[in-house]
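Engineer: Spelled out, the chains give:
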Amino acid sequence: MLVLSRRASETILLGNDIRIVILAVEGERVRIGIDAPRSVRIVRNELVAETVDLNKTATQTPLFHLSRKKDD
Amino acid sequence: MTYQTFRFGAVECSPERVHRFPEGLPGLDHLHEFIFIHDEETEPIFWMQSTQDPQIALPVAEVFALIEDYSLDIGDDDLALLHIHDPEEVMVLVVVVIPRDVQTMTANLAAPIVIQRNERLGKQIFTADTAYSVRHPIFEAVMRVLEGGQGDAGTIPQGE
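Line by line, the protein sequences give chains A and B.
First residue of the first sequence: -15, per my numbering; consecutive thereafter.
First residue of the second sequence: 36, per my numbering; consecutive thereafter.
These are computed hints drawn from the structure, not numbers from a lab.
These numbers were taken from a predicted model, which means no experiment stands behind them.
Idealized CB from N, CA, C, for every residue including glycine.
Accuracy of the hints is not assured; some may be wrong.
Here are some chain A residues pointing at chain B (derived, C-beta under 8 angstroms) [stated by the list, open to error]:
1) ILE(-4)
2) ASP19
3) ARG22
4) ARG25
5) ILE26
6) LEU38
7) LYS40
So here's chain A without its partners, still in its complex pose (with noise of 0.2 angstroms):
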């Protein structure tokens, strides 16, 4: 792994066409700004490991019934 160290408002470049500025950095919060093109997937790491977990939970839903208006 490159590690590298940045203050705010510096910039990496990534290939030809991605750039990752560090906009600002408060405590222990760093906002990141990041210029990819379109085809570029970019996706925080805990949203994939909370939707498994999510998707996982879902299938062992227990019976349930919603009331509703009905006619009868």
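For chain A, the structure is supplied; the task is to place chain B on it using the hints.
Structural biologist: Chain B in isolation, oriented as in the chain A frame:
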């Protein structure tokens, strides 16, 4: 064609109504074919049932029925994978997690399932937008749809 399911017993569904997920679903990567099952007891939530594993069915809902101003940017690679040329071909579902207390049900708005209806291709995609929660409470929206106050749950194609 008859499919055996754990939750619904034997379900009749024509092979043209099977939806293909070329990449599976996150956490269920090995499952590539699902049918939709509508159950009066749970509408407007319906079910994505695996044709390969009778045990696997996920409750889902049409996101625009629940959240009218939901928006989604589908990347070029996903548009190509799903053969999407026209927004009219697209149905967007969200996976619903329903605990024993149904009032605390939530939907994963950050990773919607995009379906190309005509060719019945699907994929769960990850939004880059941090505005949407993976656990968005939806009970009140579901109740509004049930009461017919708003939403277009009535347009969910039956038995598709």
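Engineer: Taking the hints in turn, state whether each one holds.
Structural biologist: Okay, the hints, checked on the actual structure:
The beta carbon of A:ILE(-4) is not positioned within 8 angstroms of any beta carbon in chain B (closest approach about 18 angstroms), and the interface hint is therefore violated. The beta carbon of A:ASP19 is not positioned within 8 angstroms of any beta carbon in chain B (closest approach about 13 angstroms), and the interface hint is therefore violated. Of the supplied interface hints, the one on A:ARG22 holds, with its beta-carbon coming within about 5 angstroms of a beta-carbon of chain B, less than 8 angstroms. Taking 8 angstroms as the C-beta contact cut-off toward chain B, the hint placing A:ARG25 at the interface holds, the least distance being around 6 angstroms.
This hint holds: A:ILE26 has a C-beta 5 angstroms from the nearest C-beta of chain B, less than the 8 angstroms allowed. Satisfaction of the interface hint for A:LEU38 is found here, the shortest Cβ-Cβ separation to chain B being roughly 5 angstroms, below the 8 angstroms cut-off. The interface hint given for A:LYS40 is met, as the beta carbon of that residue sits about 5 angstroms from the closest beta carbon of chain B, less than 8 angstroms.
The structure fails to meet hints 1, 2 from the earlier list, while all remaining hints are met.
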